[in-house]
Amino acid sequence: MGDRSSRNYWCVVLVLLTFVLESISGEDPYRFFTWNITYGDIYPLGVKQQGILINGQFPGPTIESVTNDNVIVNIINKLDEPFLMSWNGIQQRRNSWQDGVYGTNCPIPPGQNFTYILQFKDQIGSFFYFPSLAFHKAAGGFGGIKIFSRPMIPVPFPPPAGDFTILSGDWFIQNHTNLKASLDEGHGLPFPAGLLINGRASNVSSFTVDQGKTYRFRLSNVGLTTSINFRIQGHKMLLVEIEGTHTLQNTYDSLDIHLGQSYSVLVTADQPCQDYHIVVSTRFTSQVLTTTSILHYSNSTKNVTGPPLDGPNIDIEQNLTASGPRPNPQGSYHYGMVNITRTIKLANSAPIINGKKRYAVNSVSFTPADTPLKLADYYNISGVFILGSIPDNPVGGWNYLRTSVMAADFRGFAEVVFENSEDILQSWHIDGHFFFVVGMGRWQWSVSSRSSYNLRDAISRCTVQVYPRSWTAVYMPLDNVGMWNIRSENWARQYLGQQFYLRVYSAAHSWRDKYPIPKNALHCGQALGR
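Under the UniProt record's numbering, the sequence shown is numbered contiguously, ending at residue 530.
Hints should not be assumed to be uniformly reliable.
Computed beta-carbon distance windows for the label pairs [to be verified]: (1) T367 with G162: 37 to 47 Å; (2) P272 with T367: 49 to 59 Å; (3) G397 with Y30: 29 to 39 Å.
Result set (DSS-like, lysine-lysine): computed pairs, CA atoms no more than 30 Å apart in a straight line [what the hints assert, rightly or not]: (4) K78 with K180; (5) K345 with K356; (6) K519 with K78; (7) K48 with K78; (8) K519 with K121; (9) K146 with K78; (10) K302 with K236; (11) K213 with K146; (12) K519 with K146.
Hints listed in this document are in silico derivations from the structure and should not be mistaken for laboratory results.
From a predicted model like this one, the values you see are computed outputs, not experimental measurements.
Just so you know, even glycine gets a beta-carbon here, dropped at the ideal spot from N, CA and C.
Could you put the whole structure together from the sequences, leaning on the hints where they help?
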């Protein structure tokens, strides 16, 4: 046997042996992806723009997986600038090393690659990924994530005939570098030029259905600044899941989807055979933008007619009897009976600091350090950040710039109150954690507001809206050790400081609580050469 044949033989033996050992040990399956990140010409609103493509695609490919799958994504950065990818709503249990934001990861340098090693541990549902560095999100680079339940776990609805992903949101015709430069100079963003559905403008895309069958639509708002309303002409939508939680199955004519949020609905093709508008429009804006796609019946002989009217917002509750990723019912975790160990009040503001527009949380406008906070924490590099550099409550007075990090103890149970004194809707996201939305109300929150809390079947999610001049309260188990980003999903506000990091700490230093630094971890800043 020749040298090459011998090598091939032993490679096959090694692969087979690895497969056998993994089968014996019961290790969860692996799914491998290789993504080339490039710039390319796109025309989403009929105007040539520089977009961020993944393997030549805009939007990027959808990740399909099953609960507990190991998802390996090798990202090759072919841009002329550093790049990071983040995973909106993917918890990354014990593993904030893979979070893909600058507080946890060094950027991937131009011409180099980084392999994300993710496990969708104990998760189901609908999520998306996006580029988190600079203002790349305004150029694309996003895509959907579907996590299906394991075969032995019952799902509270029959298998749909098809499963569609809809990524929608506002879009700007200015290049993302120009938008970033405007923010850097202390200016705001212009009003969006339009809305997109899966990277396209009105009536360019369509979704084909067979009459009488039921389909799942996974809806995500991947925009930068604007809430949207989603509806399908002449059809009802049965809400079944929000960001990994099965909901009470109520029927709606339309759904409001705020920045960063993801929903799943079931739609039955029970109308006469023709084409129907799928409509997305802006919400809470003085000027209403609208875009459409087409729900196409496979035997349709009639084109679409005018779009339906707008619809109201909704309240959502959790399905306590449905199984989640595990066989136990979702309601088996009695969050309302857990003692609160800490109350945190977070107030957003829009100050002028050093003569430029900024955004802040509890008077602190976040500025990135020269070293990712996770690396600085791991290597005990002093001077990068200070624990407690953002207060637990609004303090009023002057606003200031700081690399803000809040300390938290592992296995605590926090009540977090988002207070919004401004006239625009806010949307907040917490990486690495899910929380229960227990209450919303007008004006300022007070201790007496707790009397209105839903302590039984509040929805569990990772992104929540706060209405103008209102508050939203959530209960959050601090059950994931690491350095986690808490941010506004309004990307201009996030970029200009409306974010901070939560360091959830365990003194045990055990692999049961957190994973060690990956062997392929990139090093930069003061961690370079460590």
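Quiz item: Checking against the hints above, which ones are violated?
Solution: Hint check: 3 fails alone, others pass.
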